[in-house]
Amino acid sequence: GDSVTQMEGPVTLSEEAFLTINCTYTATGYPSLFWYVQYPGEGLQLLLKATKADDKGSNKGFEATYRKETTSFHLEKGSVQVSDSAVYFCALTLMGDDKIIFGKGTRLHILP
Amino acid sequence: GAGVSQTPSNKVTEKGKYVELRCDPISGHTALYWYRQSLGQGPEFLIYFQGTGAADDSGLPNDRFFAVRPEGSVSTLKIQRTERGDSAVYLCASSLIPGQGNTGELFFGEGSRLTVL
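One line per chain: the protein sequences are A and B, in this order. FYI, the numbering for the first sequence is 1 to 112, going by my numbering. FYI, the numbering for the second sequence is 1 to 117, going by my numbering.
Where hints are given, some of them may not hold.
To be verified - For lysine-lysine, the following DSS-like pairs were computed, each having C-alpha atoms within a straight-line distance of at most 30 Å: (1) A:Lys-104 / A:Lys-77; (2) B:Lys-78 / B:Lys-11; (3) B:Lys-11 / A:Lys-99; (4) A:Lys-77 / A:Lys-52; (5) A:Lys-56 / A:Lys-99; (6) A:Lys-60 / A:Lys-104; (7) A:Lys-52 / A:Lys-99; (8) A:Lys-104 / B:Lys-15; (9) B:Lys-15 / B:Lys-78; (10) B:Lys-78 / A:Lys-99; (11) B:Lys-78 / A:Lys-104; (12) A:Lys-104 / A:Lys-52; (13) A:Lys-104 / B:Lys-11; (14) A:Lys-52 / A:Lys-68; (15) A:Lys-68 / A:Lys-104.
Note that these hints are calculated values from the structure, not bench results.
Same shape as in the complex, but just chain A (with noise of 0.2 Å):
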């Protein structure tokens, strides 16, 4: 079935650190790619998504292209902050379908 696999946590960085969380998937279809964030304390919320193959999504400084031939949405940032401390989830929906698949989250530490 489709499904998100993503590297387990946690992950502890020191500030200012790049950050590589990988992410990969199967699927029956063409998905749409996402990754949510979980702080502290917070509901899950929306970061990034890619609709299609070669799309990259960003925001916050964070970064992830939809790979299709290495079925992957690896996420990255170039320099963390301590603020980045939180769960990090990977996720993927089919096309017509209306419920977002998850991975099991990774957890990340940065240590001032």
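Place chain B on chain A using the hints.
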């Protein structure tokens, strides 16, 4: 309020009891979703409402789970004869346009944490 509101934020109950969890979506949002998040897992889809009707309830795990949205706004997730395996965080999300889920623009509440002893 400005966001999706869920009550209670925490609920502890005993095995076999009945539980109701409430979701108050963002005003004017016609689509409403329930998800369940178990420890160490991502959110798992339960049910989707478009207006008052359940457009997709394929994620409900069994007939002990039921959800309603009688006036197209507030929704209640009902769990009968709770089991320890029902312990999880139950998330509600809403969106402005039906089917907006296929573009990812869902707005989530903070969830209701259910613990079944």
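Each hint tested on the structure:
1. A:Lys-104 / A:Lys-77: holds, 20 Å
2. B:Lys-78 / B:Lys-11: holds, 13 Å
3. B:Lys-11 / A:Lys-99: Given that 30 Å is the threshold and the Cα spacing comes to 26 Å, the pair holds.
4. A:Lys-77 / A:Lys-52: The hint holds at about 21 Å.
5. A:Lys-56 / A:Lys-99: OK: Lys-56 (chain A) and Lys-99 (chain A) at ~22 Å, within 30 Å.
6. A:Lys-60 / A:Lys-104: Given that 30 Å is the threshold and the Cα spacing comes to 22 Å, the pair holds.
7. A:Lys-52 / A:Lys-99: holds, 18 Å
8. A:Lys-104 / B:Lys-15: Holds, because 27 Å separates the two Cα atoms, which is no more than 30 Å.
9. B:Lys-15 / B:Lys-78: Distance of about 15 Å is within 30 Å: holds.
10. B:Lys-78 / A:Lys-99: holds, 20 Å
11. B:Lys-78 / A:Lys-104: holds, 25 Å
12. A:Lys-104 / A:Lys-52: holds, 23 Å
13. A:Lys-104 / B:Lys-11: Between Lys-104 (chain A) and Lys-11 (chain B) the Cα gap is close to 23 Å, so the pair holds against 30 Å.
14. A:Lys-52 / A:Lys-68: holds, 8 Å
15. A:Lys-68 / A:Lys-104: At roughly 21 Å apart (the allowed maximum being 30 Å), Lys-104 (chain A) and Lys-68 (chain A) satisfy the hint.
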